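What follows is each chain in one-letter form.
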Amino acid sequence: MREIQAQQITDVVEKLCIEANQYLPEDVQEAIRGCRACEDWDIAQGVLDKIIDNFEIARQENVPICQDTGMACVFLEIGQDVHIVGGNLAEAVDEGVRRGYDKGYLRKSVVKDPVRRGNTGDNTPAMLYTEIVPGEQIKVTVGPKGFGSENMSAIRMFKPSHGLQGIKDFILETVEAAGPNPCPPIVVGVGIGGTFDKAALLAKKALMRPIDSSHPDPFYADLEKEMLQKINELGIGPQGFGGKTTAIGLNIETMPTHIAGMPCAVNINCHVTRHKTEVI
Amino acid sequence: MEKHIQLPLTEELAKTLHAGDSVYLTGTIYTSRDAGHKRMCEALARGEQLPFDPTDATIYYVGPTPAKPGQVIGSAGPTTSGRMDAYAPTMMSVGARGMIGKGARLPEVVDAMKQYSGVYFGAIGGAGALLAKCIKKCELIAYEDLGAEALRKLYVEDMPLVVIIDSQGNNLYEDGRKAYLAGRQS
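Residue numbers (this note's numbering), protein chains in the order written: chain S, 17 to 296; chain U, 3 to 188.
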């Protein structure tokens, strides 16, 4: 049994909130540069150049890449041999978010009630997911999620008879309906299987995976490639002005499901697909 | 076509702008998004004045990050304009002519733009650090309690924008995509 202080979790969450908002992950940077090199439409090239300038300015000047510094999605993989001491876990995470969003000059974008609104003033609560895993470490991932893209996401409970074609059509339909709203070029996270809630969580987790990685099952790895190509044939282009580059990555996560169902969730993210991980 | 334009956005100036034009904007603009628009439209419904003169004004749909010491403003890219569709025709009816944001607009908004010679400009969504560079002055003018959503008066120099929908209702989202797909096939 290893003891980890709640304070340590707070410190790591604080640091990751700031870093994730200022430094675009290497895989996302590379994907955008790669798309710029392949893009042959004039206005699209100009937009991608400005997007590259933007993340470089953010890195050099330590400022947020985007003003929507998101809701703080925090994923904790907690080793089963860890004992957290000196505080409550959820409070420790929220304190990290509170400090990170204050010290990092990040925007406070959370309202305390979905209908009656009212800003909480400190960007808490975090959207916290915990998972118990073997070992005696805690893996902390912070993924600030903007809502321009979150609002364009969708979930559908398919019948098994809809099959693979149903899922393919749904992914394209969702991207088409999103159009210019989620700040293309986008990253698409797809969750297939589980229950209603698990499918949505899988889609979110798909966005936390590097976009230069593939699903371990070749069937889904091929589907990732095929759907990315099909999305980029839609012609929506960077910012929706037309062009080849509508999406820079598409990840699929899957799990077993019920004999009667085939849930599918599509979580859309913008070109500022941010996440940062540290192990305690 | 690349154009450098100086605000205010008069009717005469608005009519010279066409969907697809690349525009560098200089002058005074106002920031407002969801909660600010709701409050302004409620004020108008009660017969009250707006916190700024809307005549020929341009509104930037943005909620910036807090400024770091030494900065005029934090990162300041556009938010999704569609959420302001419920308020945009009312704002145009009292004189506000320019809108800066990103994303699709409803037909009602386009109709109001044709009626009032409105122009919808797109700023690059997600480019908040870059766009902040052209904001030279920032002054909080109303609704301070709304935090990032408070009303601010900005002075911008050569703000890089694209005309998405012009006062005749032409739409770059439709035409640009069509042109790209047609060009790819030819």
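Hints in this document: simulated from the structure, not taken from any laboratory.
Treat the hints with care, as some may be off.
What follows is a set of in silico ranges between Cβ atoms, one per label pair, in the way DEER data are often shown [unchecked claim]:
1) S/G134 - U/T30: 25 to 33 angstroms
2) U/E14 - S/E294: 25 to 33 angstroms
3) U/M3 - S/Q24: 30 to 38 angstroms
4) S/E19 - U/T92: 53 to 61 angstroms
5) U/K155 - S/G182: 21 to 29 angstroms
Remember, predicted model here, so these are calculated numbers, not experimental data.
Backbone N, C-alpha and C define an ideal beta-carbon position, used for all residues, glycine too.
What are the numbers of the hints the structure violates, in ascending order? Of the numbered hints, 2, 3 and 5 do not hold.
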